[in-house]
Amino acid sequence: MFKILRDLLRYNIEFTIGFILTLAIFLFALAHFWAPMPDTAIYLLPPDMPPSAEYWFGTTSRGQDVLWQMSSAIWNTMLFGLSVTILSRLFAVAVGMISGYLGGKWDEFLMTINDTMIALPNIPILLLVYFVMRDQMSWPVLALTAALLGWNYDARLIRSVTLSLRNREFTRHAVFAGMSVPQILVRQHLPYVMPVIFFTAMNNLIWAIGLEVTLSVLGFSDINRPTIGGMIYWANQHQAIIAGIWWWIAFPIIAVVLLFLGLFLLAISVNEYIDPRSRLSRMGA
Amino acid sequence: MLAAVENKSASVEAKPVLRVEGLKAYYQMNYFGVRREVRAVDDVSLTIKRNEIYGIAGESSSGKSSLIKTIAGAITPPLRVVEGSVKFDFGGKELDVYAQRPAMKAARWKHLSYVMQGSMNVLNPVRKVKHAFHDFAFKHMGLSEGEFRARVESHLQRIGLDPRVLESYPHQLSGGMRQRLTIGLATVCEPEFIIADEPTTALDVLVQQDVLALIKGVQQRMGSSIIFVTHDMTVHAAIADRIGIVYAGRLVEEGPTLDVFQRPQHPYTAHLIASLPRIGDTRKRVALGGKPPNLADPPSGCRFHPRCPLAVDKCKSENPALLPRNSGRVACWRAGEVEAA
Amino acid sequence: MLFKKLAAAALAIAAMAMPVAAQDFIAGIPRNEALIIQGPAAQNAEWFNLWAPGGGATTNGNQQLTADTLWWINPEGTGDAAWTNALAADKPVYNDDFTVMTVKLKEGIFWSDGVEFTADDVKYTVDTQIAHPGMGWSAPFTVNVESVEVPDRNTVVFNLKAPNSRFHTLFTVRWNAAWIMPKHVFETVDDPLTYAANPPVSLSAYVLHSYDTAGNWVIWKLRDDWQRTSIGQGLTEAPDVKYVVYRNAGNPDARVIEQMNHNLDVINDIAPEGMFTIARDAADSTAYWFPGFPFAHPDPTLPSVLFNHQVEPFSNKDVRWALALMIDIRSVAMGSYRGAANLAALSTPPTGSAITDYYQPMQEWLTNYEVNTGTRTIKPYDPTTAEQIAALVKPQWGDQIPSDPTQLKAMFGEGWWKQDLAAAAELLQKAGFTKNGNQWLKPDGTPFTIKLMVEGDAIPTLARAGTIIAQQWSMEGIQTTVDVAGPTNGQRLGGGDYEAAIYWTVETWGGHPDLSFFLESYHSDFIKPKGEVQPPRNLTRWQDERLDQIIEANRTVGFDDPKVVELGMDYLKLAVEEMPFIPLMAYNKFAPFDTTYWTGYPSAANPYAASGPNWSNLRYMIVALEANPNAPAAQ
Amino acid sequence: MDGFAKYLVRRFFQFFLVIFLGVSLAFLITNLSPVDPVEQSVSLMTSFGATDPRSVELMRSALEELYGLQGTMLDQYLSFWGRVLRGDFGPSLSAFPTPVMSLIMGALPWTIGLLTLALIITWSLGNLLGALAGYYRSNVLLKLSGAAVMALHPVPAYIIGLVLLLAFGFIWPVLPISGGAQMNLQPGFTFEYIRSLILHGTLPALTLVLVGIGSWFISMRSLVSNIVTDDHVVYAELGGVNSSKIFSQYVARNALLPQLTGLALSLGNVFGGAVITEFLFNYPGVGRLLIQGIYRGDYSLVLGVTTMSIISVAVAVFIIDLLYPLIDPRVRLG
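Protein chains in written order, with this note's numbering: chain A, 1 to 285; chain B, 1001 to 1341; chain C, 2001 to 2635; chain D, 3001 to 3334.
Don't take every hint at face value.
List time: in silico DSS-like cross-link candidates among lysine-lysine, alpha-carbon distance up to 27 angstroms [what the hints assert, rightly or not]:
hint, chain 1, residue 1, chain 2, residue 2
1, B, 1105, D, 3006
2, B, 1139, D, 3245
3, C, 2430, C, 2573
4, D, 3245, B, 1110
5, C, 2528, C, 2317
6, B, 1216, B, 1015
7, B, 1130, D, 3245
8, B, 1128, D, 3245
If we take Cβ atoms under 10 angstroms as the criterion, some of the chain D residues that face chain C in the derived model are [claimed, not checked]:
hint, residue
9, 3033
10, 3056
11, 3165
FYI, nobody ran anything at the bench for these hints, they're computed from the structure.
Computed from a predicted model, the values in this text were never measured in an experiment.
Glycine included, C-beta positions come from ideal geometry on N, C-alpha and C.
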């Protein structure tokens, strides 16, 4: 594992850039555990200070250091986003692979549920769930709700991949060799599904973060917890963009963009590594 | 230059249609830790005459597929030609695959066609078969649409396909039909040279026979040359005029098919032939020890030495050159000794 | 290739866009005859029936410009000047026991379709609504009115079911009131509840011109016979404003942009920072309530920290006082309004007549007010908060901040409670609380934590105040989290589904010392048990016998009786002693006016009308505006 | 044909099942919402006036009756289905008594116009750029545009919209930033009105395009870079088929198939509106209507919009499933 990482770093420039970007932002976000002040504290610093040697990214109109706010916000947002992504990937893989492999009644049953979920419009459902839960609406609950809404399209994709694998030679071999269904799915088919998972994970992550921002902009967020959406929410409440406090929004957005560029580069290089097909073509038959 | 070509045209019959000289093609990778070069094709020279079927044999991952791709000019990075040349002679015009790319591109299908490995999937799944013929061949034939269609139909009939397949989608055809169709596609322009990469591998035995007969028939009718790759020695026995044995990226033996089968000169060739099933032969097959070498880190000297029953010290340190011997060529310090074995 | 095409497309769009500047902002209407006011998006754009449920809830100008009723109070005014007889010729006349109210109406007032307004319209308004329980003022009429008589065409007599000295307030506009229905129109309608009243018949100076079916704008036009209205009768010459445009101008940032582009004359509300941006970038073309900082116009509502008295430990007044003394009001003012807050220590909004009627006379009492902390008595009032806040904002605003204490008090309020952490701790200990490390424990030994509910998006300044108060309490050992309720805010307050909240539970006439506007509903008769919905206003469910006595006494006193002020003071003193909720400040609204086309807007110096565009008495501003002679010429 | 008929019946059944389940779920969640339309109306009516407490009680019960909110949830559920089948969602509670259907119908043309146009631009541009970038991997311009799209992709819609609003509404004020058309302009097929529609739609549409293009671009590029290694593409290259033909007929055509499903789904989703963009630019579409409905506890309206959205997505999926055999010859129904 470590050797693979080292080799990837040494020989794949895309991976290296992606790795450095992601790591840098991860470390930056991690740093919030050692922040000099609690991330919820307000008016401890002079407000509206532009970026300077003292406050690298300036201060907010609430007297917070943008640097440390960002640090916490990226951490919390990514925690939310990754939770959504991982949970929804699990749903998508389970449903997609089982549906594609078993076919028949199971397929119909699962795809009916899947299509029902596809048809549900996200924003109204999330807002209504938010109202139902009210102050019980913690971020893990929100993440679970979002995950429940965010797996279905990808499940269809995975299903179609599994469907095409079902009739391949190696699947028949595996069946004759007496492998159980979970074994076949995990050992034989999962490697082919992995690229789909990776590729959809990126989009899902972006979707989840977009959802977080949307809910925040509409005023449905836990304002005690710094997140990217939360920063935008508070910046909005202080009309930061029109008032010229651009650093309040610009820096977090730049950080998010860099993070995604990093993740994207990681994803495509790792994807190449794990995709049986592209590895095959690389090694020569 | 042009004058020189003109001059030589008199001796066109004698001139080989393909000349590969000192060809080295390596996978040069800095990916995923495999930083060394993989010498997939290592100093191969061979010539193929007009109207000849040349078989290339070898185990999987011996480099035979890389060799044929390199000859076809179908390589993509990280596989690169490091040294040497591949030159065709089409109607007296010499064409260097790697030095004259535009001309090469124009020559494709007109003079040189290709039957690919796994050729069941080479047809565009979302378009009807007729479009493939049109895309590949129309521009080379200089015919009107109607004439072209008639030509294609008669060609298909000749190789035993109902012309109605033109209106089908690939998935509607059986594997054998698709294979025939591919061969039909590869031969519709009556090219001088056909490269066939494991064209029969995925077919069952009966269809395989059928397809081989088809290839041979077409070749004889058109007088084309074919370079034919397969790991299946029985196929070679059935179709090839000459065969070359590839081991670890190198050509280790070459000769007329009959001679190679009857009197293999290289221990590896001998092993390949010995492992063929023969009617009435009850001797136990002796498996060759060891694995094919890792091309990224090949053994020193003769690459076959770790597995060779005849290996001596010299084999470990010095690489034998491919030298003429008997009716063919062989690269072995102990060439010929295998006959006694 | 593709990029070239894209660039060409972008240029084409830009070329199409360029003429925008050269075009009328509103098709066919000269900009210099139109006043453009911020309104919300109307969901029910084709609905102009003010009397159906929800009618008039959208601020589209319908009730602001076409409806009229008997009397008006200017929430910014003081004394008699605040009172306007509109359709009524005079103030209401009650009999001795307040069971009959007689009203004389003005003559020569006509509906916009030419039909004359008479006493029959008034009677019809009451009778019809009683007959249709879903209509807007049906309930109060049903509760109060026995019968309506019309002895002649200019006189209406209301016979009440029970004595009520405040019955006339149903017809007295602060924000709105029971508008008079056009009898001749509704008579022909089957069901007044489903009648869209499109187009509406106007009883005031403006009439519907056109509207957007998508709800983004409504245009009103001056009536040709504007003189035949109650507002027109008071004018000597025709108003300059020929068209009034209510338009949905988008989010606060878009509003600021639109005003700076001169496409929005009147903004209803933006964040302080947006206001400062306008003051910085467009000072030459804008006017405000105050000529400089703090700019804002105080609404007669009183944002406070509300406690749910039915939730422990908030029923204990010592706890409430302790929490009040933990607040550093200067930080709250800075954080919520950037210092531009009009602070209030008394439980009535520091606006309009309340300053001279209550705040100024009670300063001495406040200064000497003592709180017993259990171990000692302290005098918590600090009359110098205005100066302290002035010192905090001076670095940013410099000379705009005067040094005269009287002027400062007009800007920042008379004073507030000093933060006194020691006294707060003593009060909590008095209430049986103990401190473990930096965490207060309730008498039962569990940690004292608070969920502080705020509305959030629609009222951002209060959410901002909430986060600061939460931080202050948390730092003193009471872990407080802010809970954004959004659209559920009103319901959760009404249903008592909260511990503490930042909202207002007191609203007043503004222009009149009578506190019945909210106080009536504070009677203990109306308090609901936990879990049931409380009628509006007494959201804290504060219950006190002394309060009931004040309310009952107020019911029997006439509206303009001097006793009203005495009773008001009794209430205010009781509220200081009990601290049922912690009053913070007036609800300051940043409502800048664009002076490019119009001048003569109301201000603190000349408060002749309220400045919020959703307040119905905005009409008095509209007819008073003067065209700016330097305005860009019409095209 | 028999197989096809069987398939059709099964697929039809599933189609209705999806709608039934989706709408029922939406009904359930909506009814669990504590935002009470009666309370919202009461507080609207009482928040500014001097209302005495006795009247409020009266008002509340009158409104409950008027809104038809009495009865158990099951009763309401059954009557809801009864109305839906008649194409009626009942009266809006926040815009009483205007029918929900006419509110939706008023907003729908705006949303459909804006979103469909934006979607088609986004889809075409994203797929074209993505396919080119996947096929011509070494082209510098395409790499740059890919990087730009990638950088734009994670930026939230609200920020993109706000930046556009600021750029074209304030710094260089050439485009209207609010509403669907110029004020006081008569709707109709006049040059003036259409130009006004286009001008007002430009910024919202641009926002939607910039927000949406990334995912199409990325998925298309990834699809294409997988397909270029497929045998039939390699073979066509060896066969000397010219590269524009390979790109269009061998690569893009295959890669577009899954993207068409995506397009159909997105078209179905159009009926749900673009909440943030409509909200930001004050565009009078379904998204804005929906948010207002949610804020005001108007669950007739919320359910109406949600139901429309569910049905339209289900229809889109259904249609694409039936059409797929026409687009992809490998797929057979039955």
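Against the structure, the hints:
1. Taking the CA atoms of residue 1105/B and residue 3006/D, the gap is near 50 angstroms; set against the 27 angstroms cutoff, the hint is violated.
2. For the hint linking residue 1139/B to residue 3245/D, the alpha-carbon distance of about 13 angstroms falls within 27 angstroms, and the restraint holds.
3. Taken as a hint, the residue 2430/C and residue 2573/C pair is honoured in the structure, with Cα atoms around 22 angstroms apart against an allowance of 27 angstroms.
4. At roughly 18 angstroms between alpha-carbon atoms, residue 3245/D and residue 1110/B fall within 27 angstroms of each other, so this suggested pair holds.
5. Between residue 2528/C and residue 2317/C, the direct Cα distance comes to roughly 20 angstroms. Compliance with the 27 angstroms bound is thereby established for this hinted pair.
6. Under the criterion of a C-alpha separation no larger than 27 angstroms, the hint pairing residue 1216/B with residue 1015/B is consistent with the structure, at around 22 angstroms.
7. Simply put, residue 1130/B and residue 3245/D have alpha-carbon atoms about 15 angstroms apart, close enough for the 27 angstroms limit, and the pair holds.
8. Between residue 1128/B and residue 3245/D, the direct Cα distance comes to roughly 15 angstroms. Compliance with the 27 angstroms bound is thereby established for this hinted pair.
9. Because the closest C-beta pair between residue 3033/D and chain C is about 9 angstroms apart, less than 10 angstroms, the hint holds.
10. Given the 10 angstroms rule on beta carbons, the hint for residue 3056/D holds: about 4 angstroms separates it from the nearest Cβ of chain C.
11. Using the Cβ-Cβ criterion of 10 angstroms, the hint placing residue 3165/D at the interface with chain C is satisfied: the shortest such distance is roughly 6 angstroms.
Violated hints amount to a single one, hint 1; each of the other numbered hints is respected by the structure.
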